[in-house]
Structures are given as structure tokens and as C-alpha cells.
Amino acid sequence: MLTYVVRRLCIAVPTLAVVSAIVFVIIQLPPGDYLTTYIAELQSQGEAADSGKIEFLRRQYGLDQPLWKQYVFWVLGMLQGDFGYSFEYDLPVSDVVGDRIWLSLLLNFSTVIFIWIVAFPIGFYSATHQYSWGDHGLTFLGFLGLATPNFLLALVLMYLLRIEFGISIGGLMDPEYVEQPMSWSKAGSIAQHLIVPVVVIGTAGTAGMIRRLRANLLDELQKQYVVTGRAKGLPNLRLLLKYPVRMSLNPFVADIGNMLPQIVSGSAIVSMVMSLPTTGPMLIEALRSQDMYLAGSFLMFLSALTIVGMLLSDLALALLDPRIRLGGGAQR
Amino acid sequence: MRPPAVLLAPLVLVPGLSLADPVETPSLLDRVRSGALPPVERRLPAVPHVDPEAGPGRHGGSLRLLMAKAKDTRQMVVYGYARLMCYTPELVLEPDILERVEVKGGRIFTLHLRPGHKWSDGHPFTAEDFRYWWEDVANNSELSPVGPPAAMLVDGKPPVFEVLGETVVRYSWEAPNAGFLPALAGARPLYIYRPSHYLRRFHAAHAAPGALVEAVEKARRRSWAALHNKRDSQYKNDNPDLPTLQPWAPETRPPSDRFVFTRNPYYHRTDTAGRQLPYIDRVVMNIAASGLIPAKTASGASDLQARYLRFDNVTFLKQGEGPGGYKVRLWRTGKGAHAALYPNLNAADPVWRSLFRDRRVRRALSLGIYREEVNEVIYFGLALTGNNSLLPGSPLYDEALRQHWAGFDPDAANALLDEADLPWSDDGLRLLPDGRPAELIVETAGESTEETDILQLVHDSWLKLGIKLHAKPLQRELLRNRIFSGQALMSVWSGWENGLASAAMSPAELAPTGQQQLQWPKWGQYHETSGAAGEPVDMDGPRRLYALNDAWRRADGPEERRRIWREMLEIHAEEVFVLGIVGGIRQPVVVSDRLRGVPEEGYYNWEPGAHFGIFRPDRFWLAE
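Chains as they are written, first to last, in the numbering used here: chain A, 1 to 332; chain B, 1 to 624.
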């Protein structure tokens, strides 16, 4: 087990190195650089940019250097824990990201818990009552959830909440609480504002999870050990919970691997639409304005999280399911 | 008792006359009593700028705005519009922060500050702040590697700068510099002063070396110049430590999603009753996604909103008027044309290039656009049709010039094209001289469907001329590069930025002076780079425009400048270098029912106008 973990970690290093190069090149691929985007933005508002000033900024940001030099500069910085400088915000990247990461964590963990709470009973019911009216009805709802574009649902729900309950549109709290220290009323405001994003981001995930759980459970229900159990007269519920359900838990655990990167990037579009103070919109904005160190650091962070997440979920799966643990051992 | 209005008007024009004793601002009373702030008489300059049109309003309250980016903190400098010189809504240039200015021969400018005027931290605002900028910033090779800004140079030569007293400075050029005073009044003004007492500590020539090195390292900047630049953000307006002269000073340090601006207790303007402006104590700027701003505005989350609202939001915003507690006003925008077609006179394709350079073809294309239809279909008939020219509201406006070659007359257009020797082919299109059918690709930035909708309508009306238009949406950067290199034949963009110009404003936009002028990018680039790139102008009309623009800068006196403007406008009307379609479209301006002092009718423009700035938001006030 230990060698397995060490080997996985060793593979991670070259993977990250390759990813960093690809990320950097892709960010630089569109024509122009941050400053051309900046000039274009100024001009679209009717402002003119002083060419001398732009030249000065280009030199100051090091954008006049060749690409490989900019890359080396960035990577060396990252190794020392310096994620570079955000042009857009004119602040170090670490300051910009700041406490947004905590709100992202809060949002995404709430979403995952929402998915689990909703998906588990429904998946269970659908599998045990296959092709019943209840199954068809819930499946239909699930597909609706899967098919509705998130941002549309977000807009509709925001509108309804505004009209019916008077909750302010967008954001994760009422405007007067921004920049205020945490208090009970602020927490209440955050909880209120969490409902829509959690439901919206959760719907698609819930639908997918229901399908996976249902399929897995159905597979298990056909197996001979279930038939044997039934034949031996085990009570139905106990039989289900003790064997097939445990088998079909794998997708829940495997999902942890995806969860970590989602915390940073996932739900970006919804957050954008609802203007949530999470990291998603910041990443999109950084990519759009070619704010390369901010975007690059985000993407590197994402890749690192994906690798770590996958490793964690593999380990958790091995703990949970002896078949995986033993099968892995047999191969080596 | 107030004097009758007739008496009032001449009185306030006399400089230095304040009509009433200053009145303390209620929200500052506590700080004045505790001694943290001096009383209002000692905060105001000896001669405040008394605004006859302000109020009478009520002090207090906080104004909510919505913005899309943290960088929009600069909008508060734009809205605040405290400038050395400023434009009135009638576009008269007058002193604002300055008490007065004397101009000799258009080249010697003596600026008189208001004695006793103070920065927002209470430090005096004096000639030293001008000297610091000119000697330690503009002429410092590390802070300004390319030297002083272009607006400070005439024929490449800087002015002689003199300090004539505590509050008097003088700039003398060898030749007239007509653009100097207008540049001081810009929406993004030419800043020729700095709060030297604050910035000194970041300047290598003034700071203690050890402390400066430490500060640079602490802020993780590459050099002291980078640190100085970061702190010196008068326009960006994101440094709460930087003293300001604006009506509201920033209080929040970025990054944040909510920026608060509080009143500048040393602001230099008062109303006639002696109340120090601004009336509003606090401005709160909430940051939201730009796509969400119309929806949030409709729910009443903003007291004054125009930025990020578009004309197609009007119906939606109108619906929210009741519950949202606001009214939608429709102001005019000030661009020469909101949408215009730019034939590329520097196109790489030699056939199209010579056609575009033929004025008969340009006139025919202009006559072939059914502008009324565009106006009715897309703008509910609320826009102004006509070519790219000045709008009503500009002192130089002439409807005849705007409508010249801008009617819809397919017969006349066809006659012109026949004259230009473009024969019809059998399939209903004209043939180019080299035998290709007349199919013209018009490239757009494709950011809104508005432009492609307009192009569809132009497509239909141009078919009557035997010309087939194809619209090609492109990413903005790509589009620019294709135009600059001449690959794009024709493009869509908005017309002149300043459709409200007066003779005192620079006509550079009308002459080939910039690469961004999409009808002649290469000629513009030639000027911008002083001949290092691009091509020299090789066409008579643009050459004359170029000479006139130069003559304007040297012109002595308003009469001469007016004559030059007039000739340039006539050349444009006659030659139709840009095919304007509609202009003066309406900008929805949402004004909360609590907010008073915002004009019913106004124009929403960047330069001149500074969006709301020209209507002086320091005069706006909030009812109970």
C-alpha cells in the first residue's frame, strides 16, 4: 500500500510539469496579451490608452520578454510559493484569491451533501421499484434536471425567490453584510442565499448520481448472492442494506476525486450568472482578460487538486471495498 | 430670505463672492466638535467654487451603485468630475478647481489655484503639487520612460514650467497648445498635479533610502517606480491612503465586492446657501456580474445606474418601475454614429480599394442604406438617422451636413454606380472591374446581435444596388488585426466618439491620426508612429483633413478654430469616408425615486460628458 502511494506521488510530479507547460501555452494562444485586452476594454468605454503608459506597463509586467522566459519566471516563483502577480487586480495572486476559496468550499460541500441526501433515497427507491410509476416519475424528473441548462434554472429560481421571498438577487449575502465580520445574521443571510446555487448546481449532479446508483444497485440485485439471501429468508430491507447497497456505494466515494477540482472551477457558469463571490467567476474572468499568472495559477491548482483527489478517492475505495484492495494486491 | 433670481445670476458670476456663510455638514458635526476636523470655514478654500445650480438639497444619505468589476472604482473619479477645468452641460469650458486661468497668445497658461484649498487629508493643495508632478514624475526617466505625456508637448517640445507663487503656476510653450485646457477637463483628465506630501515617501529622490527599499520589498514590487505607480492611482482611485480632490474619497481597499466612498470634508464646492457639497455622504458600489446588473437594477438595488444597461433592457426596466421604486429616463448618447460602416481605404484587395477610394461608390453605398427602416425595426424609431456627424447639442451641429448623402435613394445610387462603371450581370449583381460579382464581406466584432441585425437590413437594401453583403462575425482582436493589415474590406463599429464637440475640442478624430480609425488604419498608424510603420496618406481629402487638424492645434482664437472645424465637417459630409447609419440612440438611465437633482433630459457620453460627471453628481441629493 505504501509503495503504491509513493509511486502515485512520483508520477504526479512530471504530470504537473507537463500540465504547467500546456496551461501556460494555451493561455498565451489567443492573439494579444493582457494589455491588448485591457486597451480594447478601455476603448469600448470610449477611453483612450496612452501608448507610452502601455509600453511602460508591458515592461513592468515583463510582457516584452520571450515566452519561455516568462514561463521559467512563473514556474520558479511557484516553487517558492509565489504564484505571481495578477495584472487585472494589480495584487499578488494569493491576495486576490483570498477568502473566496472558503466561500467556494462552503458552496461546494453544501452542494455535495445536497446531492447525497437527495440522490441516495431516490436511487434506492428507483432500483428496488424498477419500472413502477414512482421509478418512471423520478426518472423523468432526473432527466429534466440533467437536461435543463444550469444558468437558466438559476435565473428562474432567482426571479421566483426575489418575487416570493424578497431575497436579493445574486451574491452570497445581502450587500450590507459584505466586508462585515461574521455574525449570526450574516450567517443567516449566507444560508438564505446558498439555497438557490446549491439546488441549481446540485440538480445535474443529483440526476447523474441517481442514474449511477440505480444502475449499480440493479446490477447487484440480479446477482446470485441476493437470490441466496432471499432464499435463506433474510428480511428484505436488511438484505438490501447489508449487501447490494454497500456494493453500489462505490460511485459516491469515487466522486470525491471530482469534488476537489470542482471546488475551484466547478459551478463557474452558475456562479457567474448569480455573481457569487467564489473562485469560478474569477477564473473565467482571468482567462478572458488573459491575466496569465492568475489564470495559470488557478489551473495549476486545479490540476494538483485533481491528482490529489483521484489519489484520495482511490485510497478510500480500497478501504471501502475489499475486492479492489485484494485485486490491486494480486496484480502486483 | 433669498434674493430674487434675477439678482442672483450676475452675483455668482463674480469670482470670490460667496453668497452665504458656510453651513456645517450634519454628518461631520461630531468630528468637528471633538476637534478631529476643523470647522467648515477652515475646510473650504478662501474662495470656494459656488455652484448657482446646486440644490437647495439635503445633506446625508448613501447612494448605491452597481458595477461589474473592482476596476470600476475609477468611475467615481469620472462621476465626481472635480477637474482643474470643467465643461458645463452647455459645453462651455470653465475653471473648477482652479480659481481662474489666464491665457496669452494660446501658448502661455497661468493657472491660479484657490488659496486655502486642501486635499482630502487636510494638507494644503499648492503649486508644489504641480512642481512635483512636472519635475519628479513627468520628467523622471524611471517613472515616465517615454517622457511627459503627448498632450504636454507641442511639436515634440515641452513647456517651460514656472512656480510664480504659493498658488500660481505657469506653463509656456513656444507655439499655441489648443488641446491643453480641454485635456484638463477630460473624463480621464490629464493630471498635472500629484499629492506630493503623500507620494514623496515612495520617490527615490525624496524618501529615506532604507525605508524605501523596505517598502518596495514589503509591497513586493520590482522597483521603487513600480511602487510609486501603484500608490499613485489618482484615476484608478483604488488607494484609500492617496489624498484626493474628488467629492468622494475611497475607503475600501481592494480586492472586495463592495466599495465604499465617503465625502471629502475639504471639497471646494458649495451651493448658494453655503452648504458644502457633495450633498450625499456615502457612495456604496456593489460589484455584480455585468449580465446580472439589469436584473438587479430592476429589483431596486441601484439608485443611479446607466453603465451596463443597454437599450434593449428598456422594456424590462420599465416593467420594474413600480416595485423597484425608480424611474427610467432615456438620455441621448453622444457618439457621432452608434453604428457605422467603415470601407477600408487601405484594403489589401486592389480592386475594392480603388472602388472605395472612388467617392461616387461611397456616396452610392450611403444612399443605398434605408436608415429609417433600421431605426424603426431596431430602435423603436427613437434614434436619429443620418451620417457620421455631430449631433444636436453640439454648438457646431448642422442637420444639413448630417443628412448629406444620407437619404434613401436607390435610383440615384444606381446612377452613381453605373457612372463608376460597374455593369450588371445576369444574376442580379453588379460586376467588379475584374469580373468578380460584387459580393462584399462586412466584418463585425459579433459581440451583440444588434450589429448583425443592422447588417441584415443593409443587406436587403443593398441588393437593390446589385451588391450582396455578407456579414462575418469575428473575435474583436482578430477583427482589429484584419482591419489593420487591410485584409478586412469593410467593418462595423461606432462612429466618432465625440459627437457633441465644440470648436475648442480637438478634431483629431476627423483626420487620419490613429490606427483605430478603421477607414484608414495605415495612414493613422503612420501618424502615430511618426512614420515608422503604416503608409503616408495618398489621397487628397484625407490629406487636407490632416493639414486642417494640424492647423487647429496652432490656431489662434476661437473664430479660426470654428472655421477649421466647419471645413473638416464639410469634407466628411461631402466625401462620406464613413457610412453612418443611426446615432443618438437612447441610453436608459435608472434614477431612484429618492434621488433628486438628476436632470430629466441629458446626454450620456464619455468625452465630453464623463457619463454623469458633467451634470455634477455632487449636486444630487437623497430625499428622506
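None of these hints come from the bench; they were simulated from the model. This structure is a prediction, so every number in the text was calculated from the model and none was measured. Glycine is no exception: its CB is placed at the ideal position from the N, C-alpha and C atoms. Be aware that a few hints might be false.
No more than 27 Å apart at the CA atoms, straight line, and that leaves these computed lysine-lysine pairs for DSS-like [unchecked claim]:
#1 B:Lys69 / B:Lys230
#2 A:Lys69 / B:Lys69
#3 B:Lys230 / B:Lys71
#4 B:Lys472 / B:Lys327
#5 A:Lys69 / B:Lys318
#6 B:Lys218 / B:Lys230
#7 B:Lys69 / B:Lys464
#8 B:Lys230 / B:Lys472
#9 A:Lys186 / B:Lys69
Computed from the model, here is a short list of chain A residues facing chain B with C-beta under 10 Å [stated by the list, open to error]:
#10 Gly32
#11 Gly62
#12 Asp64
#13 Gly81
#14 Arg100
#15 Glu164
#16 Ser168
#17 Asp314
#18 Leu317
#19 Ala318
Here is how each hint holds up against the structure:
Pair hint Lys69 (chain B) plus Lys230 (chain B) holds up; C-alpha atoms about 18 Å apart against a cutoff of 27 Å. Proposed proximity of Lys69 (chain A) and Lys69 (chain B) is contradicted: the alpha carbons are some 30 Å apart, above 27 Å. For the suggested pair Lys230 (chain B) and Lys71 (chain B), the alpha carbons sit about 13 Å apart, so the restraint of at most 27 Å is met. For the given pair, Lys472 (chain B) sits about 38 Å from Lys327 (chain B) by alpha-carbon distance, which is inconsistent with the 27 Å threshold.
At roughly 54 Å between alpha-carbon atoms, Lys69 (chain A) and Lys318 (chain B) are farther apart than 27 Å, so this suggested pair is violated. Distance restraint check for Lys218 (chain B) and Lys230 (chain B): the Cα-Cα separation of roughly 13 Å lies within the 27 Å cut-off, and the hinted pair is therefore satisfied. Between Lys69 (chain B) and Lys464 (chain B) the alpha-carbon distance is near 46 Å, which puts this suggested pair outside the 27 Å criterion. A C-alpha spacing of about 41 Å is found between Lys230 (chain B) and Lys472 (chain B), which places the hinted pair above 27 Å, so the restraint is violated.
Our distance criterion of 27 Å between C-alpha atoms is met by Lys186 (chain A) and Lys69 (chain B), whose separation comes to about 23 Å. Using the Cβ-Cβ criterion of 10 Å, the hint placing Gly32 (chain A) at the interface with chain B is satisfied: the shortest such distance is roughly 5 Å. Proximity of Gly62 (chain A) to chain B holds as hinted, the smallest CB-CB distance being about 9 Å (cut-off 10 Å). Evaluation of the Asp64 (chain A) hint against chain B yields a violated restraint, the C-beta minimum of about 12 Å exceeding 10 Å.
This hint is violated: Gly81 (chain A) has a C-beta 12 Å from the nearest C-beta of chain B, more than the 10 Å allowed. Given hint, Arg100 (chain A) at the interface with chain B, holds; its Cβ is 9 Å from that chain's nearest Cβ, closer than 10 Å. At about 13 Å, the closest approach between the beta carbon of Glu164 (chain A) and any beta carbon in chain B exceeds 10 Å, and the interface hint on this residue is violated. Proximity of Ser168 (chain A) to chain B holds as hinted, the smallest CB-CB distance being about 7 Å (cut-off 10 Å).
Given hint, Asp314 (chain A) at the interface with chain B, is violated; its Cβ is 36 Å from that chain's nearest Cβ, farther than 10 Å. Hint status for Leu317 (chain A): violated, given a least beta-carbon distance of 38 Å to chain B, over 10 Å. A hinted interface residue such as Ala318 (chain A) counts as satisfied when its beta carbon comes closer than 10 Å to some beta carbon of chain B; here the least separation is about 41 Å, so the hint is violated.
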